[in-house]
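> For the protein sequence lines, the chains are V and X, in the order given. Counting from 1, one number per residue, gives the positions in the first sequence under this note's numbering. Counting from 1001, one number per residue, gives the positions in the second sequence under this note's numbering.
Since the hints were made in silico from the structure, they are not lab data. This structure is a prediction, so every number in the text was calculated from the model and none was measured. Check before you lean on any hint, since a few could be wrong.
[Claimed, not checked] Stretch-level coverage of chain V by chain X, calculated; a stretch enters the list once three of its residues show a Cβ under 8 Å from a Cβ in chain X: (1) 26-35; (2) 261-271; (3) 281-291.
All C-beta atoms in this analysis are idealised placements derived from N, C-alpha and C, irrespective of residue type, glycine included.
Protein chains: 2
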Amino acid sequence: MDLLREFERQNPRALARAISLAEAGRGADLVRALYPRTGRAVTVGLTGPPGVGKSTLASALVREARARGKSVGVVSVDPSSPFSRGALLGDRIRLAEHFTDESVFIRSMASRGHLGGLAGATADAVLLMDAFGYDLVLIETVGVGQSEIAIAELAQTTIVALQPGSGDSIQVLKAGIMEIADVFVVNKSDHPMADQLRREIRSMMEMLHWTGWVPELVSTQALEGRGVDELVAAIERHVAYLNETGEIERRRRDAFSHQVRQLALGRLEERLDRALRAQPDDELDPYGAADRVVSQLWGE
Amino acid sequence: MDLLREFERQNPRALARAISLAEAGRGADLVRALYPRTGRAVTVGLTGPPGVGKSTLASALVREARARGKSVGVVSVDPSSPFSRGALLGDRIRLAEHFTDESVFIRSMASRGHLGGLAGATADAVLLMDAFGYDLVLIETVGVGQSEIAIAELAQTTIVALQPGSGDSIQVLKAGIMEIADVFVVNKSDHPMADQLRREIRSMMEMLHWTGWVPELVSTQALEGRGVDELVAAIERHVAYLNETGEIERRRRDAFSHQVRQLALGRLEERLDRALRAQPDDELDPYGAADRVVSQLWGE
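Please construct the entire structure, taking both the sequences and the accompanying hints into account.
Quick look at the structure:
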């Protein structure tokens, strides 16, 4: 495949085209061909409520990684709103300083409409950037919905960023995001309510019983780059923990299983929706109708 | 069934037990038996970001409905966070004034772990309250995630509440919630930035091409009850529109289809997860592994 050859020649255009194919739900062949080359990149997920300054944090992390001589791929995920591409413009501007750096590859994902949905295309993009040879793959997600949680689970290390004075801690608490954080970041740490947010996070953490890694809490002022080195150090401690304990393998398996489940579920949903469209419009109750369509799918 | 007889005797304890069974994923028999009695209630969904004052709005709506002699069932939905029951305490307090009113039934849903998940149990609870005979069933959801959108779609009329000065409009935009709103509420309308939020909502609405009903925009100060009568009037206009155009039937069918799909999907996911657990731990790529498990499920 011409695209595959260009990909192997380290042509970034080939990577961009490969990710576009994945977004269109046609990434299977490439991922199959390139899968043996994956598993070398460090994958970091960065999530948190809108407005917390994730793109500024992402940009600062990229800068720090570049200063350490690492190449970086960034997958910026936004929801399926028809306007999200526009809404991302600001983020693109914040990341613009890296556009000219050929050791940095930035890609925003917008598509949802294929097997496995956004999570499927994002998982492909992460694998493709990994196979392309980037040392660090940063997965930036917007919001605290279930799909954002699922996407964050693709990463080996998940950073949950919060901002003071926003009620974010409650939001994160309610969304069940505490559980996925390896590192908490209090951004805009010069805010008068930053201390209160740190206290809230600590007290929330006390409600959970951690086994193994206990999430670290880092304060940053990403706009001025303050605290970013501590954040990178916390990430490195977590990566070291994963490697020393061998948990890195479990995380890779989990990410793999997650992607397989997403892909299989997408196929099942397609069959289900075809079968549902063919259902008669009769007086069954919901449970009876569900039983009927499932047994039809299985020819029982 | 004893429970069914007590339910038919209008014993609220029976309704509470029935919903608990639904939360445990064992509501099928009751829903089947009671389904013919459903379809009389007006179902209203109330959603929006945390902190917007949804529980205060819900309480005010209940008060207004009671003043008009309507009985009300409230389903308060919160995510699967282990702390959500605790986090709901404040909401419970805000609704407390109605606890002694036997024409008001308030139930919060916390469980996710069964076929169809939270949406499935919530759909059951709505059907059960409808069958029990409540005139209005109010579905209050927390957050703006995909599952909250799905739950709001159970309702005939969906209210999206926003608060000024919170960036909520952007959040709602990104979450793709614009599309599900029949009525927008700007709560805390005495906030200095309320006018700006109203402008933001109007300009966002111009980006969508509405066919049929165009969402109304209502301002409330729910704590003092201001604007709640306008909100109820907007809801009544939408319900009238649904009935005059016959779209009410389409909404009922959509809610039905949504629940059937959730139930069927839950069953498919159970089978898929059983099959995934049985997969060998070999060197397949994700797409190959997904193909294999799907074809195993279909014995192809």
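> Please go over all the hints and tell whether each is borne out by the structure.
Now for the hints, and whether the structure bears them out:
Check on the region 26-35 of chain V: 4 of its residues sit with their Cβ under 8 Å from a Cβ of chain X, so the three-residue criterion for coverage holds. Proximity of the region 261-271 of chain V to chain X, defined as three or more residues with a beta carbon under 8 Å from a beta carbon of that chain, is established by the 7 residues found. A count of 7 residues in the region 281-291 of chain V with a Cβ less than 8 Å from any Cβ of chain X is obtained; the coverage claim is therefore met, three being the minimum.
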